[in-house]
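Student: Listed here are the chains, written in short residue letters.
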Amino acid sequence: MARVRACARRCIGTTAVPALPVRLQRPAKEQRQFRARRVPANVSGNSMEYFIQQLINGVTLGSIYGLIAIGYTMVYGIIGMINFAHGDIFMIGAFIALIAFLVLSAVAGGALVLVLFVTLLVAMLLTSVYGWTVERVAYRPLRQSFRLAPLITAIGMSIFLQNYVQIAQGARVKPLPPQIEGGFILMETETFAVNLSYIQILIVVLTVGLMIGFTFLIQGTALGRAQRACEQDKKMAALLGVNIDRTVSITFVLGAALAAVAGLMFLLYYGVIDFFIGFLAGIKAFTAAVLGGIGSLPGAMLGGLLIGLIETFWSAYFSIEYKDVAAFSILAIVLIFLPSGLLGRPEIEKV
Amino acid sequence: MTPRWEEDPVLTIEHLTMRFGGLVAASELSFQVGRDEITAVIGPNGAGKTTVFNCITGFYRPTVGRMTLRRRSGATFLLERMADYEISRIAKVARTFQNIRLFSGMTLLENLLVAQHNALMRASQFTIGGVLGLPSYRAGERRAVDKALAWLQRIDLGHRADDAAGDLPYGDQRRLEIARAMCTGPELLCLDEPAAGLNPRESHALTGLLSSIREERETSILLIEHDMSVVMEISDHVVVLDHGEKIADGTPQQIRDDEAVIAAYLGVPDEELDEIEEVITG
Amino acid sequence: MVNAMGWGERLQAALKEAGIAALITFALICVIIGLKTDIGPDGLEITQRWDLVASGVAIVFVGRLLLRLVVWGPEGQGRGLFSSIPKAREMPWLGKVLGVALLAIAITLPFYSGRYVVDLGILVLTYVMLGWGLNIVVGLAGLLDLGYVAFYAVGAYSYALLAHYFGWSFWLCLPLAGILAGFWGIILGFPVLRLRGDYLAIVTLAFGEIIRVVLLNWYQFTGGPDGISGIPRPSFFGIPFSRGEDGFAATFGLDFTSMHRIIFLYYLILILALITNAVTLRLRRLPLGRAWEAMREDEIACRSLGISTTNTKLSAFAIGAMFGGIAGSFFATRQGFISPESFVFMESALILSIVVLGGLGSQIGVAIAAIVMIGGFEVFRELEQYRMLIFGALLVFIMVNRPRGLMARREPSIVLKERKAIGADLVAQGEGHR
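Residue numbers (my numbering), protein chains in the order written: chain A, 551 to 901; chain B, 460 to 741; chain C, 18 to 451.
With a Cα cut of at most 25 Å, we get these calculated SDA-like pairs of lysine to any residue: (1) 53(C) with 668(A); (2) 606(B) with 436(C); (3) 606(B) with 431(C); (4) 437(C) with 608(B); (5) 434(C) with 613(B); (6) 606(B) with 326(C); (7) 33(C) with 675(A); (8) 53(C) with 662(A); (9) 33(C) with 683(A); (10) 606(B) with 301(C); (11) 53(C) with 658(A); (12) 53(C) with 682(A); (13) 606(B) with 317(C).
Quick list of the computed label-pair ranges, beta carbon to beta carbon: (14) 433(C) with 537(B): 34 to 42 Å; (15) 231(C) with 655(B): 49 to 57 Å; (16) 402(C) with 656(B): 55 to 63 Å; (17) 237(C) with 795(A): 53 to 61 Å; (18) 598(B) with 247(C): 50 to 58 Å.
Derived by calculation from the structure, the hints in this document are not laboratory data.
Owing to the predicted nature of the structure, the values given are computational and were not obtained by experimental measurement.
Yeah, the Cβ is synthetic: ideal placement off N, Cα and C, and Gly gets one too.
Please model the complete structure; the sequences and the hints are all you need to start from.
Tutor: Okay, structure coming up:
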């Protein structure tokens, strides 16, 4: 119904005058993305069980946001720019995961765990090539340049990647039937059961595992030291023998790999993707990174969790239509009163 | 005889304390800045000099303390209660910065016109008259340009009025920043290391400029300086800070003989020490 | 160095490089292009398209080889593809000549063009006006605003709703829409006063999205996703462009044609855009405009000179928003229909791209960028689905080669003896960044 209406409207729009040149093909669609899984409508919204269910859903969604947010926060930390294309890297990760999964399950048959594992590896590997290429093509030539230039190339890259996937894979949504079904029933009343599904457990466990691994990587390895050195002072780091180009490249590769994990999780959890999922997910994840304090890894995770929870609870208790407004308003409020985010270092104005 | 800075201070600082978390950058500082005098604040690196400046000009809000500015008209202002731009606009305190902050993409003339913003805003009836092209604005602008040109000539940069400020050599930028601050019509001018990075000739031109400002008896000067020859040559009053505390306060002659000052400077790098010795002995 | 390397070695190095490029290309496209998913009867089906992948890899290999051997030479990336374009700084008359020429073309355009071109002209001029409006905020005041489309929307909806609920005329609503949008500029500007750089960008983006989501969901008031249709068309100062007795054509003794309204709209937006330009140029020479630019250069220095950055920022937001709002209400009356679909983030990004591509703060640059981008879009109309792809790639390409935009220089706002343009390398971009 909605599509028919949209179509009719566009026809009206184009007969009189040329259509606006830049128009996202299906912006109305985004309303459907990232909608928290609805609970049965007959459930009263006040019960404890309902609350716990929303908590579980929120943490799951927050984990996905957190994984994407790490990519933003690392890149911002090291070269101080918003990598606007990161949301689209996530989208590409989801597509690669989808296609790899389809191919692998056709080849390997029923060994689901193996297929998922290989899918994850393939998605991480190929998506990180995208991350590397984006940095190489659009950001590295502008490293010494003014701040606005890489922002514009990032927007250009984002548009390019979206349309690239749309042309290559078509604009229609790609559904994938649920692969990991079942779960635990934690609590049960006559009307409502709190369900903790296996996929939710998988997402949270994987996220926590990656977080621990990453914290170790940043704090304990030479690569992490190089990254932190570049954050502090690029020129000095270069003088001391840190290969800046390589460190920045690796940062993009790692961010893209995490985005690919998030893409696969998103695919498995929601069971449907299209070329437009990157935009909103990207903005939300960036919001999460800023909320947590940009440049801080635990901050990105915390911010992701908060955004996930806020969005889920807002949809569950207030209105699902305004959940994005809730997330964005929280961002604005936090930034105005706590400009360096929750875990970021406060910035003393240098005079 | 009471020194002039106690008799008629333009600025009185009492118990100024500034903490950043656990770090105490200034502690219980009290001193006065005499009207129509040049007061120098000296001290080793990290003594809290710039912090004091930032408190006076409103960029930091002091943790404790009172800073009273008395204008020639007799009006007094408590600087710790005012926003930074109000301190310049109403209390008439202007400043320069340690790392020069010119509008480098704007011409010299534009730099000096921006400094006269508030007068020009009134002349343009807060933009409305200006947009409509009323004659009152044109007259106001002409006055502002004349004032700017007078200052440019005074710092020997009259011929470069249409050049970008960022194109100037370092020493000229320092002087331009002082001229820009003076264009706000200040009663107290705060200079943060005006002679830093200047060669002897430029340094000499600078002391000439500062002395001439003092001669006019309209603007009092408070400056932070590392170059002891400059300090001893032009200042009437020297305040010495170390580790956020005042350790000496008096005329250059008194400071020269002060044991505590010499002791404080003994811990500093050689070249600065040599400078001090040079001043003391010669 | 160049001579030291023999041809054999050069070829070998170039082959190796091209090989790596081809390998990376293969990794990039093998899945996304090579395996297409489609919805079949039993879920997703995969079509293999290895021919496409092979040709893509081959194109990259040969292209890279040729670039290295023929165009770039043995070293470097051969940046500065635009280096043959003269630097604006060396040709101070260029801007003036271009400006006069463009203005002449703009004024005479409807006399020798058909409906399609005039329609396109209206579109381009709308973006020129939006670009000039945003230029005040981003180019002059140095405040990175990623939600400018919000004010465009406020203007459009102001007119649509005022006309819908109260039946007010376009000529009354036009200034009202501007004032309302300016008011929103202040409301949204106030909370972000203390934010710097990218934080400012992301919060303005969030505000833009919030306004759009509200428009989308406040069904009773704004019509939600269905938008508002039947927005009254503008009249010629009270005389409607209709076929009847009291219509424009009959009143002026002309044969009725729908072109009259189009041409009227064209001149209307041309005048609105020129007013925007004139006001901006005038403001630049006033203390307010100079304070904007000074704030872009160094906010702390501004405060030390007694300039209230709060007022200065809010005035930039308000005036920029006002022009956006006026353009919005023009958009509403031209389309006769508006919906939240027209006010997505992409629009903000497009307008910002026009400003940055044109060269921050350069009025003529913004106009040229709008013509290139919007006009270029229409040129690629045939390629329907590829044009956004090309648009994205073009943005990257132009920015990488000309990071300061097409007209990268600053004109002094006041001249004593000699007008000297200031090179972009000296001009800051605001918010204390470099």
